[in-house]
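Engineer: Which chain is which? The protein sequence lines are A and B, in order. Residue numbering for the first sequence follows our numbering, starting at 1 and increasing by one per position. Residue numbering for the second sequence follows our numbering, starting at 339 and increasing by one per position.
Treat the hints as calculated values from the structure; they're not laboratory data. Keep in mind that this is a model prediction, so the values were computed, not measured. Ideal placement from N, C-alpha and C gives every residue a C-beta, glycine not left out.
Here are a few chain B residues that face chain A, going by a calculated C-beta distance under 10 Å: (1) Leu431; (2) Ala436; (3) Phe443.
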Amino acid sequence: MKIFDGKTGWLLLLAAGALFPFFAGNDYHLTVMSMAFIYAIATVGLNLITGYTGQFNLAHAGFMAIGAYTVGILTVDYNVSFWLAFALSGVVAAIIGFFVGLVSLRLKGHFFSIFTLCVGYIMFLLIEKWESLTHGTVGIIGIPAPEPLFGIDFESPRAQYYLVLFFLALSVWIMHRIVNSLLGRTFMAIRNGDALAESLGINLMRNKVLAFVLSVFYAGMAGGLYAGYVRFLGPGLAGVEHTFDMTMYMLIGGIGTMFGPLFGSISMPWLTQYLQFLQDYRFVVFGPLLVALVIFLPNGIVGTWLQWRARLAFRKAAAQKTPAAAPLATPSKGGSHA
Amino acid sequence: MELVLQQILNGLTLGGVYSLVALGLTLVYGILHVPNFAHGAFYMAGAYVAFYLMSAYGANYWLAMGGAAIAVAGIAVVSDRLVFHPLRNAPGLHHMIAAIGILLFLESGAQAIWGADFHRMQTPFTGIMNVFGAVLPVQRLLIIIAAFALVLVLHLFLTRTVTGSTIIAMAQNRDGAALVGIDPNRVAMLTFAISGVLAAVAAVLYAPINLVYPAMGHLVITKAFVIIVLGGMGSVPGAIVGGLIIGFAEAFGAFYISTDYKDIIAFVLLVAILSVRPEGLFSKGAH
Numbered sequence: 001m002k003i004f005d006g007k008t009g010w011l012l013l014l015a016a017g018a019l020f021p022f023f024a025g026n027d028y029h030l031t032v033m034s035m036a037f038i039y040a041i042a043t044v045g046l047n048l049i050t051g052y053t054g055q056f057n058l059a060h061a062g063f064m065a066i067g068a069y070t071v072g073i074l075t076v077d078y079n080v081s082f083w084l085a086f087a088l089s090g091v092v093a094a095i096i097g098f099f100v101g102l103v104s105l106r107l108k109g110h111f112f113s114i115f116t117l118c119v120g121y122i123m124f125l126l127i128e129k130w131e132s133l134t135h136g137t138v139g140i141i142g143i144p145a146p147e148p149l150f151g152i153d154f155e156s157p158r159a160q161y162y163l164v165l166f167f168l169a170l171s172v173w174i175m176h177r178i179v180n181s182l183l184g185r186t187f188m189a190i191r192n193g194d195a196l197a198e199s200l201g202i203n204l205m206r207n208k209v210l211a212f213v214l215s216v217f218y219a220g221m222a223g224g225l226y227a228g229y230v231r232f233l234g235p236g237l238a239g240v241e242h243t244f245d246m247t248m249y250m251l252i253g254g255i256g257t258m259f260g261p262l263f264g265s266i267s268m269p270w271l272t273q274y275l276q277f278l279q280d281y282r283f284v285v286f287g288p289l290l291v292a293l294v295i296f297l298p299n300g301i302v303g304t305w306l307q308w309r310a311r312l313a314f315r316k317a318a319a320q321k322t323p324a325a326a327p328l329a330t331p332s333k334g335g336s337h338a
Numbered sequence: 339m340e341l342v343l344q345q346i347l348n349g350l351t352l353g354g355v356y357s358l359v360a361l362g363l364t365l366v367y368g369i370l371h372v373p374n375f376a377h378g379a380f381y382m383a384g385a386y387v388a389f390y391l392m393s394a395y396g397a398n399y400w401l402a403m404g405g406a407a408i409a410v411a412g413i414a415v416v417s418d419r420l421v422f423h424p425l426r427n428a429p430g431l432h433h434m435i436a437a438i439g440i441l442l443f444l445e446s447g448a449q450a451i452w453g454a455d456f457h458r459m460q461t462p463f464t465g466i467m468n469v470f471g472a473v474l475p476v477q478r479l480l481i482i483i484a485a486f487a488l489v490l491v492l493h494l495f496l497t498r499t500v501t502g503s504t505i506i507a508m509a510q511n512r513d514g515a516a517l518v519g520i521d522p523n524r525v526a527m528l529t530f531a532i533s534g535v536l537a538a539v540a541a542v543l544y545a546p547i548n549l550v551y552p553a554m555g556h557l558v559i560t561k562a563f564v565i566i567v568l569g570g571m572g573s574v575p576g577a578i579v580g581g582l583i584i585g586f587a588e589a590f591g592a593f594y595i596s597t598d599y600k601d602i603i604a605f606v607l608l609v610a611i612l613s614v615r616p617e618g619l620f621s622k623g624a625h
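Excised from the complex, chain A in its bound form (with noise of 0.2 Å):
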């Protein structure tokens, strides 16, 4: 299994999502694959501040909003070109982020969690309320698709894909990086035990904001994408629901794990797919689902899978050495990002 670590790995998953278009039967499953994609960005957003900083941001799905609407009000109402538009929107989010993360910061755990619930449901009725910019519970219709650019056309579906496609490999190499960097490093060490992180000398509120504001750029370019791909936005994108399906992709796939979001952003939709006689009521076996799953295998699928190997490694290195030789290292949990 060492071909599938690291790079050899991540390669070989770009390289299937590149030649998924040209397995699947028919457009529809584009669609399917590219909001997944879509989703996925954002996911991949939400663990930086979940998973590794250990803030549970209840209103990511209203940052995803936020990105969405800037692209949808700039390009209708006043006629920006998508490109320009598209580069605000994880800006735009994140400036946002940055005002809500100074004070929604100062608290911990559960009460960041509500508070920033409360604030999603403030841009939520923001989005439908506000008629004059938002154009209330009627949406915005008719979002111009991406113009060409460098003599690529984004109309058809498949373009489409690959566009979504190349901002998801773009989003995980930046995570990749920022992850495995000493910044990376101070997040996990402030949800890990903050006090002892602040003994160490990391200013605690300047890195929590800076992880809140990665994770609503990520957010706020998803929901960008999705604007232009749907081409039709509605006051429901800011729902808290679009949060819990985000926090079911990521638990699913394994919280603190690089490609846990992943994998449960991109499986999730396709299950969800081939339980179409659930539809609506999809949830009756999903909320059960969740429960069991942060019972029985809090680590999801990935972080169980790593664990189960570092023990592996671990069994290894404890029967080379002599048993005079008690092996000191431990492993290390969530040393390794798959």
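Position chain B against the provided structure of chain A, taking the given hints into account.
Structural biologist: For chain B alone, coordinates are given in the frame of chain A:
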């Protein structure tokens, strides 16, 4: 003057309902330190059970309310045993996610059984009274009286009976309570049952002037969270005072500011207060 009186009556109605929901939430938080996101689903389940008993079996309003209270207390106790009890040693994040799982299950379950339509709940109290020029539907008067009676009963139960005191003792100090022979599991189940009863009664009281639908718990529970954060998590008087504050803020806000934005008022209030006082209005320690 009549208009102000009208808003006071509306505020009391809203505040009564919010206080009941927030009380259940705050009791559970006091015992288990779990923000029970599923509490809004308990509220919704209460309304649906009562609606079902009334429409399918022709049960009268009070009987339906009793049935709903028992059913939701059952759901709450089962959630404690099956979900929160196994997670008692897990980190806080897991509780929140598990509660979300229960919420999603109950909501989609209600939708699967009764559909996504809006239902109107019948009430025998359709009269309208005039109080010093202000209009007061009897159902609203009932909400005010019932809510405050229930709060009083709960207060007496918590302070005057041994069983009630065990809840307070557990909330104050879990280990200490266990040392003097209080069974934490029994108290947890009891607390969940009480929170379920309060949610169900609040829902059945409020449903006739509102509507019954699967997402009916969303706004109420979010406001209940605002209330218990304002009033101090786990504090019983805080939940009552907080409920009234939010109720009045909404009633007067809807009248003097805008009906469109009345639902935002509670949240803006929370954001404003927590920005200035991160520890909440009434709580002593920092969060």
